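Protein chains: 6
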Amino acid sequence: MSEIVGKAETLIEALPYIRDFNNKIVVVKYGGSAMLDKKLEESVIQDVALLKLVGMQPIIVHGGGKEISKWIDKVGKETEFVDGFRKTDKETMEIAEMVLNRLNKYLVQMVERLGVKAVGISGKDGGLLQVDQKKPNGKDIGYVGDVKKVDTLVIDTLLANDFIPIIAPIGLGEDGETYNINADDAACAIAGALGAEKLAFLTDIEGVCKDPKDPSTLISVMSLEDAHNLIEDGTISGGMLPKVTNCVNAVNAGVGRVHILDGRIEHCLLLEFFTKKGIGTAIIDTEGGLYENERI
Amino acid sequence: MSEIVGKAETLIEALPYIRDFNNKIVVVKYGGSAMLDKKLEESVIQDVALLKLVGMQPIIVHGGGKEISKWIDKVGKETEFVDGFRKTDKETMEIAEMVLNRLNKYLVQMVERLGVKAVGISGKDGGLLQVDQKKPNGKDIGYVGDVKKVDTLVIDTLLANDFIPIIAPIGLGEDGETYNINADDAACAIAGALGAEKLAFLTDIEGVCKDPKDPSTLISVMSLEDAHNLIEDGTISGGMLPKVTNCVNAVNAGVGRVHILDGRIEHCLLLEFFTKKGIGTAIIDTEGGLYENERI
Amino acid sequence: MSEIVGKAETLIEALPYIRDFNNKIVVVKYGGSAMLDKKLEESVIQDVALLKLVGMQPIIVHGGGKEISKWIDKVGKETEFVDGFRKTDKETMEIAEMVLNRLNKYLVQMVERLGVKAVGISGKDGGLLQVDQKKPNGKDIGYVGDVKKVDTLVIDTLLANDFIPIIAPIGLGEDGETYNINADDAACAIAGALGAEKLAFLTDIEGVCKDPKDPSTLISVMSLEDAHNLIEDGTISGGMLPKVTNCVNAVNAGVGRVHILDGRIEHCLLLEFFTKKGIGTAIIDTEGGLYENERI
Amino acid sequence: MSEIVGKAETLIEALPYIRDFNNKIVVVKYGGSAMLDKKLEESVIQDVALLKLVGMQPIIVHGGGKEISKWIDKVGKETEFVDGFRKTDKETMEIAEMVLNRLNKYLVQMVERLGVKAVGISGKDGGLLQVDQKKPNGKDIGYVGDVKKVDTLVIDTLLANDFIPIIAPIGLGEDGETYNINADDAACAIAGALGAEKLAFLTDIEGVCKDPKDPSTLISVMSLEDAHNLIEDGTISGGMLPKVTNCVNAVNAGVGRVHILDGRIEHCLLLEFFTKKGIGTAIIDTEGGLYENERI
Amino acid sequence: MSEIVGKAETLIEALPYIRDFNNKIVVVKYGGSAMLDKKLEESVIQDVALLKLVGMQPIIVHGGGKEISKWIDKVGKETEFVDGFRKTDKETMEIAEMVLNRLNKYLVQMVERLGVKAVGISGKDGGLLQVDQKKPNGKDIGYVGDVKKVDTLVIDTLLANDFIPIIAPIGLGEDGETYNINADDAACAIAGALGAEKLAFLTDIEGVCKDPKDPSTLISVMSLEDAHNLIEDGTISGGMLPKVTNCVNAVNAGVGRVHILDGRIEHCLLLEFFTKKGIGTAIIDTEGGLYENERI
Amino acid sequence: MSEIVGKAETLIEALPYIRDFNNKIVVVKYGGSAMLDKKLEESVIQDVALLKLVGMQPIIVHGGGKEISKWIDKVGKETEFVDGFRKTDKETMEIAEMVLNRLNKYLVQMVERLGVKAVGISGKDGGLLQVDQKKPNGKDIGYVGDVKKVDTLVIDTLLANDFIPIIAPIGLGEDGETYNINADDAACAIAGALGAEKLAFLTDIEGVCKDPKDPSTLISVMSLEDAHNLIEDGTISGGMLPKVTNCVNAVNAGVGRVHILDGRIEHCLLLEFFTKKGIGTAIIDTEGGLYENERI
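Chains as they are written, first to last, in the UniProt record's numbering: chain A, 1 to 296; chain B, 1 to 296; chain C, 1 to 296; chain D, 1 to 296; chain E, 1 to 296; chain F, 1 to 296.
FYI, nobody ran anything at the bench for these hints, they're computed from the structure. Owing to the predicted nature of the structure, the values given are computational and were not obtained by experimental measurement. Take these hints with a grain of salt, some might be off.
Coverage of chain D stretches by chain E, computed from C-beta distances (three or more under 8 Å per stretch; other residues unrestricted) [claimed, not checked]:
(1) 113-127
(2) 141-147
(3) 154-162
(4) 172-186
C-beta atoms are modelled at their ideal positions from N, C-alpha and C, and glycine is treated no differently.
Only chain A is shown next, with the shape it has when bound in the complex (with noise of 0.2 Å):
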């Protein structure tokens, strides 16, 4: 009996957030362990699909994780690099393109087996996303593309008709030609261009520590500011310096808050968007103030 009002309060503790969120939009950004572990993928799927059913407008974009790799070795084709970047030519692209969309309609068939509707588009559907090559100080790495211009009416439509849409970070260049985008950029681009509520990435990491190594130095919820102090005393810095510097790129492109979660724990994005605790790291413009329910 005991256990059955636990129940009952964790689903009242998530009525003020459900109330707050209601047909906002939250873009997933999934990608790492939680791509590759069957468990953690369950949990994801169910997550987004649970934060559809409670009338938000969740948007995945998902990475191509160890997939790629595998079917470049699998065709025995050698990689070449520019600068510590792995170059995409012509037939590396075909293959990410094979394989980017196939797990995309993998990921619709997870969502739809638990009854909620989900179309898979790529960058190119409706023109979504148009690409800029990008070259990393000036160095050509083949087809791999930065965002110029999202045009978000094939989102629109499918959200205007209950549909989640999941999207391959793939883009059409001016030339014609297809580039590969970086799934992060992608994600914030998008999140940007619809005004999204929430932009969550799903991590490796806990969030961000001010000691990297010692998890309970987690900070729970960090402004545009202190971002910016803790890049400038380097305490953000390697892998992490472009994590927080894509967050705060999307809080200033309109995001109203940047997750950085750790997709190693099951229902992370729940457990963030439906608890008083929440979990990770969040990225806000405090001068938009904090929700109702804010967390401290």
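Start from chain A and add chains B, C, D, E and F according to the hints.
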């Protein structure tokens, strides 16, 4: 951490129910103990608000609790009895209408406090409830009515605009007079007219038991045929008889499933609607088939 | 036959007004004599129903007449006075709410009897009226409120679905308590928030007269400037002062025209709205221009 | 003051009719004296405008008055007769079409002057009226047509956008030629196709009288059976016969009620539709039941 | 087979134009030779119907050709001239209105014969064209008007319901009188009020030529500045001057592009709108940019 | 000039087809030679884009051409055959899905390049295609499916929002596995479920010929009865048999007309749909009547 996992599992457990009940109409008859205890009252209101927030269309039909008697005493009015029935003369009706309408707005206020929209109406608004005089055994017991016709337009309007309708059981006779209606009857008539998916009675018992003295004999799901048999063999009798008869009528009137819930348990609505095990007794028309997630 | 011609001429006389007021919102503050006399009551309800039927959007805001005092006496309650103001303690408020809500449904019933749809609400429904405590000269007179915010959603919904909203002047404070509101104030706040075309006060006087003792000195149309001057020179004083001040406030809040009508005349609303001569006093913002069929 | 009370009473008398006819389609066949006298013309147009303003959906179908003959004379054209029917050759049809269309726009202009929107069309617009050649007794009388098919799309569009459709009785044959249609026939066909609530003929008689010479024998309401009997026993004969036959056909085609009104009385439409006594003769299908406010 | 390939190429050539003009409003001024020759008439109607069918929103504004003079002669009316202008007295206006409205319905009939919906209106319908009296050099030339105001509601309604509006150039003055309007002027005023994409004049010349006697000097595209210069240097003069001035006015009023087409060429509208080469002269506001498929 | 006239005539020739097919659904099965030749590919895409632009609702269902085999070879996979059928094991299915989805997005990209909106989906999106395992002669040939159910919601959504749906023939089994579907079968099932007006197969033959070796014996229009007879008498046999059987099934499933077109002819869709002569063979249900512009 295990607590946190439990929370997530509770939310996920609710997923199929939230999906299946999306946009479905649920009429809650609110009365008895659940109305007299502040904590239970709070829990009922929270439950109804949550049902709304996760996409259902809840409607409250309420009784007058002990407030009506309190005010009759207050003005020093004597009550006449006819064959055991309290006679509702014009002044009694006047007091009942005042008390019910005030209670009605109090419930509106409770729901609104949770940030969910509600509008309180009585059966007079939009001509919702039209009645004939009730004459038990042909005896005149004054301004007490049986529902003759339900005009759902005002409820449809409120639901379509995302308000929770909260309804006081008062109707108009053809003579232009105001009549009191038994709240159970009003709830049945309204649920039937709307073709509601569910009608839930918050009662002061655990449900229907084979042996009323032994809670362990609770009947979880009862078909119309079961109900018929249990009435025939005397298992269902006494105060339980009119309750179950009402449920049977509602099922026959097109309500998908009628629940007798123990209103003395906090969050009994959530526990019934969103957990596998459920509580109380459900009366169903088995010919209509069970839900996919039917408990056994 | 000449009678029949007269009838046709009356209907045709109304044509330009019906055309010009099509779909316009008209708030009627209903109180005073018009509420105490059955025949006048019937005529007000008929007028409002006709306004609706010919295409206007009427709204009734009503007071409590003498019913509240009657019930306070009935339960043997003593009334405390503060600086001449009746103090509204919790029990008084409770009685006032009961009486107002019952009266509210009575008016609904009167309108519905004419085959026109109506819904009765109070300022609690849909969070319509949010109040601050009123403190005349800083004195605490209990649960009496000044309107702080009007959320017109519930009215918009009812109007869009062809119901006449009938409103009891009760609001909610930030403390979650119930407050009584002066019906004139409530009508002004609601008319202003809706940008009503007209606000009509049914009063027990003929309108504003230069010499209050001489009805032949009635001022037919008064600009804001006229009102200002007449207040300054003392022509408008006594009980008339707050009335006219309220009218001026409403015009300043965006109401097109405010009428002080003699509620003791049967069908005073129709006569004012649909005949060339009109009755009572109209307060207007001349800068907004006169109607095409403006009387002189 | 008693005059003012009379005015209010007239408006209130109209209330139940305005309510019951809300949004109902009313086809007015306009011709005869009402078309030749400026004052009557003005009163018909005012009546139609008022019907529109109080929520009905009026439609005018008009004849050509004496204008067609005037212009035929003007161009010095001789008219041929076949069995007493005037033969409509191509040039006659050309003149008729010019005259009818000009008259049509004149009526539009009259309505618009009252601030009410109107659009003038003929049976060619949107393919409204498709005809077969009319051959009385098998004789060829030229370009005169019987309505074969009504495509109401253009009328539906105008009504849905709040325009009063004003219709000239001209149609197209399968041979692509233009045909004149008797305005009574056109009005019947249109009212039938629209399932109009009412069809009113403005005529030069008082209605159907038992003794045509004695106005006091006017038949106020006539069932289809009454009409049948009065035709059988010869009471209805001469010029009245085709009129009443047309009315019977319209009722059989689904029109709720057909009125033969005395177009020589100013505002005859208002008097019939909005007063208890009514005027003229109404032909009804009694099986469909009488209106609630049926006169006797 | 090569013929068949040619057909396909023609259709594909039209693709970019069909795409770019989708849902765009195109006003066609129909008059001159194209109105007098049956074959040209047929080709204009086919063109307009096709424009509609491929997704554009064509509107026809027509003149009266030589029909008006023909009927003036027919009734034996003498024409008075004022400073070279034909004076339009009341009877002339009456005839003009009859002729124009009949012609209007004739065009409707031609379009409907192709299975495309059309409605014929004049400037009186829905108060479309309101005029002031035209007074060239201050002289009174009778009932001739300049467009003062365009109320596009009736056109909007027809377009929204997929009818082609066909418009006779007649307007109403403030004096309630009927006025004739020059069809070029009416077309300009309507195209400007609608913000049309294109306005095409069907004329009896090939377009604007540098040397009017040498068709090979045709100016294909002309900017506002070009037009100004060519008027200044006298290249554009005589009958061409008012035409070009009208075009310039239309561009300034917001029309995207104005075409002077040779109405003597069959299907000149299609050839201009759907082929790369185009025909005639286009006047454009170069600041607005050229179409993607702009010819040179 | 004669060339220019020819162009106009071609456009006008298309007019009745554009009118009659307005808003009609047309399913194009795209495969064979038309998929392997760049020029043919371009012409098919242009045709489909033009169909959309002139108001039809085209849908593409495509096969995988020779790409699937190419990639199977590339990864060095051996193919097993069962009774002459290629067995589709899990890895083959994985490759097929990758290839089809990439090809799908390539077609999207081709259409978008023409400025027309498209979205690529597979039968997994929105649960579009649900399959049973196909077992020819009871033999297990792996992950090959027969369409069991079509849920058209995702197609309806895309059409309603003006996207061309481009569909890869992949479905989901009840076992949650991915199945390959024959593209002809998928096109038939989809066209039938949508009640398409037309279904066109782009093939490598000229159509059905009485003597397959003599193109001059091409059958232009074939009724269901004709098809039945020609199958019975052996005229239709070999590879043509399943094609025609498929067409017959589609007509029986409610498709208006099924075309076997020669995909080796450029713009074969336009030539069939928009010219009088047409090409290829059409299978129709003559009971449904011919089009107005039916060729003989």
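Here is what the structure says about each hint:
1. Here the segment 113-127 of chain D counts 11 residues with a CB under 8 Å from a CB of chain E, which clears the bar of 3, and the coverage holds.
2. By the rule of at least three residues with a Cβ nearer than 8 Å to a Cβ of chain E, the coverage given for the segment 141-147 of chain D is violated, with 0 such residues.
3. For the segment 154-162 of chain D, the proposed coverage by chain E is satisfied: 4 residues have a C-beta within less than 8 Å of a C-beta in that chain, meeting the threshold of three.
4. Coverage of the segment 172-186 of chain D by chain E holds [criterion: at least 3 residues with CB-CB distance below 8 Å; count 3].
Hint compliance for this structure: hint 2 is the single one not met.
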